[in-house]
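What follows is the residue order along each chain.
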Amino acid sequence: MDSALIPKGVKRCPMWQFLLGLGIVGAVLAWGVYAMLLCWFKGLNQTNMNDYYGFALWIWADLAVIALGGGAFFSGLLKYIFGKDELKHIINYAVLIGFICYSSALLILAIDIGQPLRGWFIFWHANVHSMLTEVAFCLSCYFSVLTIEYIPLILENRQLDKVPFFHNLGHNMHEIMAVFAATGAFLSFFHQGSLGGVAGVLFGRPFAFREGLLIWPWTFFLFTWSAAAYGPCFTLLITWITEKVTRKKLVKDNVVDLLAKIAGWMIFTYTIAKLCDTARWANITAPGLGQTLADFYTGTAFYGYWILFAEIGLGGILPAIILISPPLRKNPTWRVIALFLGVMGVSLNRWVMVLQVMATPVMPFDQWVLYYPSWQEVATTILPLAYGIILIMISYRYLPIFPQEAELNPIEEEAPASVEAATEPAAELEPAQA
Amino acid sequence: MFPFSFEWLWDAGHLVFHGGLWYALNIIGIGMTYCIVKAIIDTSKGKGGHDHH
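Residue numbers (this note's numbering), protein chains in the order written: chain R, 1 to 434; chain V, 1001 to 1053.
Some hints could be false.
[Unchecked claim] Per the computed footprint, the stretches of chain V lying under chain R, defined by three or more beta-carbons under 8 Å from a beta-carbon of chain R, are:
(1) 1022-1028
(2) 1039-1048
[Claimed, not checked] Taking lysine to aspartate or glutamate and the EDC-like style, the derived pairs with C-alpha atoms no more than 16 Å apart in a straight line are:
(3) R:K252 x R:D85
(4) V:K1038 x R:E175
(5) R:K162 x V:D1042
(6) R:K11 x R:E243
(7) R:K8 x R:E407
Hints in this document: simulated from the structure, not taken from any laboratory. Built from N, CA and C at the ideal position, the CB exists for glycine as well.
Turn these sequences into a full structure, and let the hints guide you.
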């Protein structure tokens, strides 16, 4: 039915199967949209946020998806600024994943602020002493950059590409993509960092507070570093999942190996920095503010020492060792374990820096206060996941996301009649180079 | 926020924050304008659309 829209030289599932998948994920999406509308029309009383938890599940989800979406800016930086040309075979997907992550973050923020119609206030009535203002500026601008990087990919759809204006526009955007990629890296450095800075400047909360360089606490640099380190892990993990779902090899091993190796060394150096930061904080910073490490990790089983071990050990040291060791990295099973641990590690780091900060007692009369999200918060947090799956399904079906797919999966001469496919001769797809 | 807004102050905070914002927006805007204008010119010259029938 839609074979004219499918990229040349690749095979896609039958339409009914595609629509069935869309329907299932669409039901989850509808559930999230319902919860979102409840939050907008009835207000934030639909959540379990309170005076202790002004930042809650949504902010964790925001920080996590922004960190995981860091694969887009870092891959762009590696390709366009550092000349890692092999990454052109995966950068389209990195951009798509980044686009999904950042649009999800903005969607969650639109729910979180309660009155999205006043969202523009942060630009017009900007508080220039707030790190969150910088986050809002850079986040919005970087989302524009990601949209610009995604547009050429859309314009490479078989039918759109036949329109001369779209073809020329896509071509011109490719030509100056390095400018956009550099701008994206600049913006990402600051908004990733400022998200960490928000926690690091909380001098009234010794669990989060850090010293730093000039106005930037060490968490500023650690957040940027971790996003660059773990973002590619998420890109590779989603690529692996896509390969399993489609039962196809979509990216050559040398490309995956290169990105995994770079991510491994980034995680390794980040983990060393994180260990140094943790040691200084535990021995100097927190005691200087009247609290000890035991105060942070012995009050409740939920926030025991295990969480520190899981974040730095399982989510930092272990994936770093696996990814920087060639035999382990080249083994698909070990590589996927490392990618999964990395994604878990950075997500846990963001959880700790948002929710454990809120839970930890500050005053002598304070107690540990745990927080349970309402179903509306859970549904609106799952909403971006469903949206992301749908966007990946549509993009994968109609756009040349994986330039090596046709070469890695040659179509047989006699394609089964029941399978809707574009059966024109396989051609090397032009990477969007976004 | 623009310098002619009543809330504007000529201090380092406003200059750095809004300078950075307008710098990024200008790059994005000029870049896209260049791409669109060049695409219009190229199209008017009959370039593009290798699959065009």
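Against the structure, the hints:
1. 1022-1028: holds (count 4)
2. 1039-1048: With 7 residues closer than 8 Å to chain R, the stretch 1039-1048 of chain V meets the three-residue bar; holds.
3. R:K252 x R:D85: Holds, at roughly 14 Å.
4. V:K1038 x R:E175: The given pair, whose Cα atoms are some 11 Å apart, holds under the 16 Å limit.
5. R:K162 x V:D1042: With a Cα-Cα distance of about 14 Å, the restraint between K162 (chain R) and D1042 (chain V) holds, given a limit of 16 Å.
6. R:K11 x R:E243: Satisfied, since the Cα-Cα distance of roughly 13 Å is no more than 16 Å.
7. R:K8 x R:E407: Holds, at about 11 Å.
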